[in-house]
Every structure is written in structure tokens, then in C-alpha cells.
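S.K.: Spelled out, the chains give:
There are 2 protein chains.
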Amino acid sequence: MNVDHINAVCRATKGILSSHFGLEVEPKTPKAGVHAIPSNDVSVVLGVNGEVNGQIVCAVDEQTAKNIVGVMMGGMTILDLDDMSWSAIQEFGNWIAGSTATELSKVNCLIDVTPPIVNDGRSSFRSSEQFITVPLASTLGQIDVHISLHKKAS
Amino acid sequence: MNVDHINAVCRATKGILSSHFGLEVEPKTPKAGVHAIPSNDVSVVLGVNGEVNGQIVCAVDEQTAKNIVGVMMGGMTILDLDDMSWSAIQEFGNWIAGSTATELSKVNCLIDVTPPIVNDGRSSFRSSEQFITVPLASTLGQIDVHISLHKKAS
Numbered sequence: 134m135n136v137d138h139i140n141a142v143c144r145a146t147k148g149i150l151s152s153h154f155g156l157e158v159e160p161k162t163p164k165a166g167v168h169a170i171p172s173n174d175v176s177v178v179l180g181v182n183g184e185v186n187g188q189i190v191c192a193v194d195e196q197t198a199k200n201i202v203g204v205m206m207g208g209m210t211i212l213d214l215d216d217m218s219w220s221a222i223q224e225f226g227n228w229i230a231g232s233t234a235t236e237l238s239k240v241n242c243l244i245d246v247t248p249p250i251v252n253d254g255r256s257s258f259r260s261s262e263q264f265i266t267v268p269l270a271s272t273l274g275q276i277d278v279h280i281s282l283h284k285k286a287s
Numbered sequence: 134m135n136v137d138h139i140n141a142v143c144r145a146t147k148g149i150l151s152s153h154f155g156l157e158v159e160p161k162t163p164k165a166g167v168h169a170i171p172s173n174d175v176s177v178v179l180g181v182n183g184e185v186n187g188q189i190v191c192a193v194d195e196q197t198a199k200n201i202v203g204v205m206m207g208g209m210t211i212l213d214l215d216d217m218s219w220s221a222i223q224e225f226g227n228w229i230a231g232s233t234a235t236e237l238s239k240v241n242c243l244i245d246v247t248p249p250i251v252n253d254g255r256s257s258f259r260s261s262e263q264f265i266t267v268p269l270a271s272t273l274g275q276i277d278v279h280i281s282l283h284k285k286a287s
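Read top to bottom, the protein sequences are chains A and B.
The numbering used here puts the first sequence at residues 134 to 287.
The numbering used here puts the second sequence at residues 134 to 287.
Quick caveat, the hints were computed from the structure, so don't treat them as lab data.
The C-beta atom is built at its ideal place from N, Cα and C for all residues, glycine as well.
Incorrect hints may appear among the rest.
Cβ-to-Cβ under 10 Å is the rule here; a few derived chain B residues that face chain A [unchecked claim]:
#1 S151
#2 S152
#3 S172
#4 V181
#5 I222
#6 S260
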């Protein structure tokens, strides 16, 4: 995986958290992994096609998801994730998708990102392709950004 | 959603099950749903970009996953899903991805499909976009094909 692409995805997520949520975000040490990544309680899955192909998965625990939705709804306290909350989390994914496409285009990598799909419940995502995980610490909680973007075998 | 696209995705999956597995497949009554679709025990998620965008999720129970892997490994009995099994399930997703792109191109819909990612564990996929679910019954077990393909809002 190209480190410029990983940095672009991180900039995209950090940019959204800073511009839309007013958050200071501290990236922690990235990890490389294969085989299985945890979905945590809630994860947003973005599919990427273009000059690189793969997935970006943003995984958070339930409280962090509630905190994110709360800020998106103008500072409400969210007790349960209802349909409106899931829709907000999907919209959060849309913001990251749009920002990711922009940031990758700045490093000359043209991609399309699918509409986000949200995974609810603890499970694992498995792939034989390598994932790089960048944990982002914020006051709303930790957001694990798992990135698997590879050039098609030609 | 365009019924031609749904039929194309179903033809793709049925085609793989027939040509690669020698299976007779019987499509059961499709259902339309929103909000949440079950991941069953094992699901393969394909992201679609192009003239339509969204996801195709193929969900099976654990025994069906083992049966599929067993046939792919030349008729072995699979007791546990190990790394090689997960890799086989991902390859099963790759076959469906390739076939889906071909079948959709035949109805003048050009798309790219992401490499598959496999979800392991019971969870739900949530989206505010509509999903059409086509359950395919086969002797290996039931494969639920969930299709959410929409034109981008312009």
C-alpha cells in the first residue's frame, strides 16, 4: 500500500472531525494487519474503485457512535441508536467518502467511493489483502480507520 | 432500483453456482427492505461504483459457507472455517463480482466492483437506501443476495 494514500485517507477523516465536529484529533501508532479486523460495535464500510481498489472501514464502539450522532444532531444526548441515528452515521460515512476522494485526488489518485453501508453488531471483517489500521483518538472516543487500498493486479 | 439490474445480479450469482459448483438454483420470492439486513453468519460484501452505486451482499449461514468452501476445495468436508476457508469465500466473492460486472454490462450498465470483503459473525447491515433481497435455494444451502444499486442523485 502507498503511504501517500494512507495519509490522504487519514487527512480526510481528521479533516471531517475537525471541520464538522470541531475536534482535535490525535492519530496513534498505525498497525498493519491481515486476515481479520474487528468491526467494534458500529462500523461504516466504504468501497473504493479506481486507480486503487478496496475498502475503508471506520469502526467505533457504541458510546462513540452515540457521541458522534449527538454532535450531528446539535448536541443532543443519544441514549439509543434509532433509525435516525443510523441515518446520521451513514451521513458521517458520506462525509468521509467525499473527503477521501478529494484528498486522494490531490495525490493524483482518482477513485470513486461507494455510498456507505453501516455494520451494526460485533463481528469481524476478513480479507486476504493487507489492512493498515490508524486509531484516531478524540474527545468523542476512538475511531479506528482500517484502510485496504491496492492497485489491481495487472 | 432497476429490475434489469437486479435480474443481472441474480443471473451472475446463479451462473457462478451453476458453472463452478454444478448446482441447480431456485430463486425464491424477492423481498424489498430498508433499514437493516441480517449478515447471517458469513457474508461477502461487494461495493459497486459506476452507472449505479451501492452494495451487493451475499449472506449465508455457517454450514452453507462450509459447504461452499468444501466444494471449492474439491469435495472436502470442512469442520471449521480457517484462514484458507476465508480466502476461498473471498474468492467466491471475486467470482460473483466478475460475473456481476459482465452481466450488468450486457444490460448497458457499466460498473466496477470492489474486491470482496468478508464479514464473519452475526450482525446487521444498515442503510437508508432500499435493498432488494433474493433468496437462492440450492443443495448447499440458502444464499441470500441483498442488492442495493442506485443511480447517483444528480
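S.K.: Return the status of the interface hint for S151 of chain B: holds when the least beta-carbon distance to chain A is below 10 Å, violated otherwise.
M.R.: Hint violated; S151 of chain B Cβ to chain A Cβ min 26 Å, cut 10 Å.
S.K.: For the restraint on I222 of chain B, tell me whether the closest CB of chain A is nearer than 10 Å.
M.R.: Status holds, d = 8 Å.
S.K.: Given S260 of chain B as an interface hint, is the shortest Cβ-Cβ distance to chain A below 10 Å?
M.R.: Hint on S260 of chain B: holds, closest Cβ of chain A at ~5 Å, below 10 Å.
S.K.: Holds or violated: S172 of chain B as interface residue toward chain A, Cβ cutoff 10 Å?
M.R.: Holds, about 7 Å.
S.K.: Taking the closest Cβ pair, is V181 of chain B under 10 Å from chain A?
M.R.: Holds, about 6 Å.
S.K.: Holds or violated: is the Cβ of S152 of chain B closer than 10 Å to a Cβ in chain A?
M.R.: violated (23 Å)
Hint compliance for this structure: hints 1 and 2 are broken, all remaining hints hold.
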